[in-house]
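Novice: Single-letter residue listing:
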Amino acid sequence: GEDVEQSLFLSVREGDSSVINCTYTDSSSTYLYWYKQEPGAGLQLLTYIFSNMDMKQDQRLTVLLNKKDKHLSLRIADTQTGDSAIYFCAERPTGNQFYFGTGTSLTVIP
Amino acid sequence: EPEVTQTPSHQVTQMGQEVILRCVPISNHLYFYWYRQILGQKVEFLVSFYNNEISEKSEIFDDQFSVERPDGSNFTLKIRSTKLEDSAMYFCASSEGAGEAFFGQGTRLTVV
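Residue numbers (our numbering), protein chains in the order written: chain A, 1 to 110; chain B, 1 to 112.
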């Protein structure tokens, strides 16, 4: 079945850029997503990218998609302590079902 | 900003009891979903619902589970006879179509 992989932990200093990486398996995925989960909270949609795009920028967030390598990344510029959370990559192949990665726990060090 | 709302935020139930988790999707959305996240594990798909019927379901979604859209606004997940392993965070989501999908804050279900 579909498999979405992420590294489990990332620590960065406040003000630096964070890059969270994700690999997925289903090349038919039409959309790829990044969700943020703060402690005890739900899944907040951060951004998503259509599979015919290479890059999408939204304020401090930049998503890069390499379809050939099935690699998705999320870059957060000027990372703040409020960005500390778990970040989930998700793919959405044919149908409605999302497949989520394990999540990357981002810790921002003041 | 429109949002998906779920109630209750936390539900504690005894093993074998029935629970109903409630969701109010975003009003103009047509697709509805339930996912769950067991503590420390991945977010897993349970079921999707469109046009008043189930469109997809996972292996997890067995006969103990059912979904319903009892009126124009609510979308419910019923677990008929809860087991300890049903303890998880349950997320409802909705989408207009193939793009953005919005998740609720989740209901933490604890089966004791």
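Please note: incorrect hints may appear among the correct ones.
[What the hints assert, rightly or not] BS3-like cross-link-like pairs, simulated, lysine-lysine; straight-line CA separation at most 30 Å:
| hint | chain 1 | residue 1 | chain 2 | residue 2 |
| --- | --- | --- | --- | --- |
| 1 | B | LYS78 | B | LYS57 |
| 2 | A | LYS67 | B | LYS78 |
| 3 | A | LYS56 | A | LYS36 |
| 4 | B | LYS42 | A | LYS70 |
| 5 | A | LYS68 | B | LYS78 |
| 6 | B | LYS78 | A | LYS56 |
| 7 | B | LYS42 | A | LYS67 |
No lab work stands behind these hints: they were computed from the structure.
Novice: Mind checking the alpha carbons of LYS67(A) and LYS78(B) for me, to see if they're no more than 30 Å apart?
Specialist: Given pair LYS67(A), LYS78(B) is violated - Cα atoms ~39 Å apart, limit 30 Å.
Novice: Under the criterion that the straight-line Cα-Cα distance not exceed 30 Å, is the pair LYS78(B), LYS57(B) satisfied?
Specialist: holds, 14 Å
Novice: Are the Cα positions of LYS68(A) and LYS78(B) separated by 30 Å at most?
Specialist: violated, 41 Å
Novice: With a cut-off of 30 Å on the C-alpha distance, tell me whether LYS42(B) and LYS70(A) pass.
Specialist: Cα-Cα ~20 Å, so holds.
Novice: Need the status of pair LYS56(A), LYS36(A): alpha-carbon distance at most 30 Å?
Specialist: holds, 17 Å
Novice: So if I understand the rule, the pair passes when the alpha-carbon distance is 30 Å or less; does LYS78(B) with LYS56(A) pass?
Specialist: Roughly 39 Å separates the two Cα atoms, so the pair is violated.
Novice: With the threshold set at 30 Å, check whether the alpha-carbon distance from LYS42(B) to LYS67(A) stays at or below it.
Specialist: Holds: LYS42(B) and LYS67(A) sit about 23 Å apart, inside 30 Å.
Checked against the numbered hints above, the structure breaks hints 2, 5 and 6 and satisfies the rest.
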